[in-house]
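A.B. asks: One letter stands for each residue in the lines below.
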Amino acid sequence: MFSATSASTLENLRPASEVMKLERLGSMFASRLSFVRSLMRKMITERWQITNTVFDLDSTGHGLAVYRITTPANCYHCVIFSRDLAPEQRSDRVIAEAWDVTFALVEGEVENSLLEQMAANVPLQEAGRQHPRVFVISRANKSLRNFSQFVGALAAGQQPDPAWLTAVGYLYRTTAVYGNGKFGIADFARLERNPDFNRPFAAQMLAVYVLRQFSIEQLNHLARVQSLEQAVPLHPELQRYLGVGNSTGLGMAPFLINHPQLIQQWVYGRERALASAREEPACEQTHTKLRALMARALNHLQQTRTEDREQTLRNLKTTGSVAEVIDWLDRTPAHQALYEDLIIWAREHCSLEAQELINTMLIELYPELVDSLDDELGCQESMDLQPDMKARQLKDLINQKFDWALTYREDCADDNYWFWYRSVEKEEPRLGIRGSESGAEKETALAIGPRISRCHTKLERFLERNPNAMVVEFLMAHPEQKECVRRIQTMGETPYGEIRANLWHRDMKPMHLLRTKLSFFGASRFDPKSDRWVRITLFQGAPLPCELKNPEFSLEQLDDWGFPLEPHIETGKTHQAFKGGAS
Amino acid sequence: MKVSFNELQGLSRKAFSGIGFEDGDANDAADVVAWMEAHGLDGIAALKKGLDFLLNEDKSQPPELIYQDADLCVVDAHNKTVLGHASLAIELGYAKCRARGLSVTKIRHCHNRMLIVGYLSRIARRNMSVTAFWRNAHEPLTEILVSFKAGDAEPDICMYSLPSTPDDTEPNDGITLVMVNHVNLLPDLKPDAPLNDLLRQDRDTMASWHERSLVEGIEVDAAVWERLKTQATKMLVEASDGSRQGAGAGTNDND
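Going line by line, the protein sequences match chains A and R. Residue numbering for the first sequence follows this note's numbering, starting at 8 and increasing by one per position. Residue numbering for the second sequence follows this note's numbering, starting at -11 and increasing by one per position.
No lab work stands behind these hints, which were simulated from the structure alone. It is possible that part of the hints are untrue.
The list that follows gives simulated cross-link-like pairs (lysine to aspartate or glutamate, EDC-like), each with its CA atoms no further than 16 Å apart [unchecked claim]:
(1) R/Lys217 with A/Glu432
(2) A/Lys189 with A/Glu434
(3) R/Lys36 with R/Glu214
(4) A/Lys433 with R/Glu226
(5) R/Lys222 with A/Glu434
(6) A/Lys402 with A/Glu500
(7) R/Lys222 with A/Glu432
(8) A/Lys449 with R/Glu226
(9) R/Lys(-10) with A/Glu133
(10) A/Lys49 with A/Asp378
(11) R/Lys222 with A/Glu448
(12) A/Lys449 with R/Asp11
(13) R/Lys94 with R/Asp59
(14) A/Lys296 with A/Asp566
(15) A/Lys433 with A/Glu133
(16) R/Lys222 with A/Glu450
(17) A/Lys449 with A/Glu434
(18) R/Lys47 with A/Glu487
(19) A/Lys465 with A/Glu490
(20) A/Lys296 with A/Asp337
(21) R/Lys217 with A/Glu434
(22) R/Lys137 with R/Asp176
(23) A/Lys189 with R/Glu204
(24) A/Lys449 with R/Glu10
(25) R/Lys217 with A/Glu133
(26) A/Lys465 with A/Glu487
(27) A/Lys449 with A/Glu432
(28) R/Lys(-10) with R/Asp209
Here are some chain A residues pointing at chain R (derived, C-beta under 8 Å) [unchecked claim]:
(29) Glu434
(30) Leu438
(31) Val479
(32) Leu482
(33) Lys489
Source: prediction; values computed, not measured. All C-beta atoms in this analysis are idealised placements derived from N, C-alpha and C, irrespective of residue type, glycine included.
Chain A extracted, bound-state conformation:
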């Protein structure tokens, strides 16, 4: 585990003033360092096995399923409870109280007593008390349209139209995935020292991956129930093209703000990967590969559909830019400084999303330089005060590293427009308009920019009277500044520091915060449902469990699943049964 301040300097790291702007962070795409890609690579190289051990579903698909996950050193189980859900109870929001499926990833064997305890508590999610051997709990609701279309087609002996999965890339959509000690489950400290799950969100992503396999097997089961004679299993290409959805809202924002050292470590990892790739001279082979990757991404983005007007415009702008990037590559032969020339050209001609897509693809070109960073995206989170720092040095630090925060204006309505709070309804994070909605007196301290600016103002006044004072003396005069000061001191030493935005500002777009985190997760198909609520897809295109240990596939082949494209399947044609799914 790394300290968030450990930095070996690469000369061509992009500056924080560019990278940490919220709009740019909110334009990033999943990359090969994203957590789903990283987890899949680990599963492939270590030949993890995922085996279904219990599949006790009734004719409606309800019941219990258990999957055993075997890693080189350990075993885990994913226990899935599938229940009937009344239509009026179906909600993606955290305030829901029942779901189509609930599931948990647990360490070791699932003996009967543990299974009983889980059956009584996992379906309750937040309202249950979970066992300390449980690493992750989660829940998901069905995409009813896909489910019904797919079951109907397979029961009739036909493959469903892949276009359904292009429109909505999953059968199940998770609505929260809890880890790290919530509701009695295992603490983060236990995952941190477990080599299987010591990368950020690895256990959560594994649970989601197993749900994907369950969704395939439940689908096949329901098709068989409808028509034992005629039913065919889902085609492997479609299994691979099937992901797991996730529906998420403002809950992502507090995590990003409350774990600044971790977020900076993620960004620092990605930026080091990019800096390493940019230092490489381009050759014919990498030029060709880069073009192919951009062409695939263009195709993927053209296939991505969303009802959200703003995201549609962004997608159009991005696809237009990516087409131009491909043209540029076609007319620019491979040469030593190709990548730098492309980046400079894109800065002038491409949307932010397209610029970040180029960066994602440059990272993709050099697995040998990048993949070791998989293990450097976590960090020890601790913010300690440096009480003996001179108060004037603290002021200098703010001026140098947090100048972006000093643009905040106390008396400007736009700078103070929003406030963030938690509702009494399951502590759901919400945004309110200051002055016109109640609750501002209980707001959560997420707007770091204004806090730093206020601290700076107090510091200036204090220094007029106490020019040689230490930071601790400033804090004894202003004890309410303690948290802000240690954050400034801690993050000021990191290469990237804080996300640079005033989260109170009227023009602040919460969607950028959501996308920042989701891109590191490895999300694709961003489908906003409002300015602060989004559906995405995980694991679409990822190898299947049965492929992980198949010696016919190389790591390079199996790992190449980003920006998946709609497969060409002859739909409407009867397919013979085949052996697919978990083995």
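Dock chain R against the given chain A, drawing on the hints supplied.
C.D. replies: Quick look at chain R alone, frame taken from chain A:
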């Protein structure tokens, strides 16, 4: 009931905010309680004991620095709990020690003194040796010595009662901290000391307790847990149709 470390830390943080602590103090106090409990030092019991007191104390009056020179500082906590009021005094001692090699910090008139151990673990983590000494006021007179080696996560704790009460009229409601930058000060009991009820808790025992807390969870008093929840709820905003819009969820959850 069993809870995880993160849960205890998280709920405590919210509860301290609800009680009226500033963000930094709420975070520190929550870390201290969870650290103490996870290391077998009864953080929750200490919190339970002081909770009524905490709820009623005046949060607006910070500790007062009544004397300082280059190596020594004396802070009056005005009969407040160490949870919200000791951290800056400790940090002042740390700053002086960094400058001078050794510092002495006296915090006068404070409650819940055992809880200070949780914050001292941070000082040790920052590579400073720190020893805390205080006397409990009740009979028999008890002395407590807590000593962290620089860099260690757990301290050695030594508690004993004195066979006879010295003729002393000063109230026993303070703590003395000695911080040393370059060597470790560790308790070394005199072999001929006439001590009663000697209780020693060593680093290994506390490390094992911490390990067990992570694997099995932490047992908490359900009544205290409910009280913490009640305090935490004070920071939550009542729901309304308008506020539900503030979550920004779509109106249709089907697809």
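A.B. asks: Would you mind confirming whether the straight-line C-alpha gap from R/Lys94 to R/Asp59 stays at or under 16 Å?
C.D. replies: Roughly 11 Å between the alpha carbons, so the hint for R/Lys94 and R/Asp59 holds.
A.B. asks: Keeping to a limit of 16 Å between CA atoms, is the pair of R/Lys222 and A/Glu432 held or broken?
C.D. replies: holds, 13 Å
A.B. asks: Does R/Lys217 pair with A/Glu133 here, judged by a C-alpha cut-off of 16 Å?
C.D. replies: holds, 14 Å
A.B. asks: Take a quick look at whether R/Lys217 and A/Glu432 sit within 16 Å of each other, Cα to Cα.
C.D. replies: Roughly 14 Å between the alpha carbons, so the hint for R/Lys217 and A/Glu432 holds.
A.B. asks: Under the criterion that the straight-line Cα-Cα distance not exceed 16 Å, is the pair A/Lys402, A/Glu500 satisfied?
C.D. replies: Within the cut-off at roughly 14 Å; holds.
A.B. asks: At a threshold of 8 Å, is the proposed contact between A/Lys489 and chain R supported by beta-carbon distances?
C.D. replies: holds, 3 Å
A.B. asks: Holds or violated: R/Lys(-10) with R/Asp209, Cα cutoff 16 Å?
C.D. replies: Cα-Cα ~9 Å, so holds.
A.B. asks: Are A/Lys189 and A/Glu434 close enough, with their CA atoms no more than 16 Å apart?
C.D. replies: Holds: A/Lys189 and A/Glu434 sit about 13 Å apart, inside 16 Å.
A.B. asks: So if I understand the rule, the pair passes when the alpha-carbon distance is 16 Å or less; does R/Lys137 with R/Asp176 pass?
C.D. replies: Status holds; Cα separation ~13 Å.
A.B. asks: Just to be careful, I want the Cα atoms of A/Lys449 and R/Glu226 compared with a cutoff of 16 Å; is the pair within it?
C.D. replies: holds, 10 Å
A.B. asks: Is the hinted pair R/Lys36 and R/Glu214 satisfied, with a Cα-Cα distance of at most 16 Å?
C.D. replies: With a Cα-Cα distance of about 11 Å, the restraint between R/Lys36 and R/Glu214 holds, given a limit of 16 Å.
A.B. asks: Straight-line Cα separation of A/Lys189 and R/Glu204 no greater than 16 Å?
C.D. replies: holds, 14 Å
Taken one by one, the earlier hints all hold for this structure without exception.
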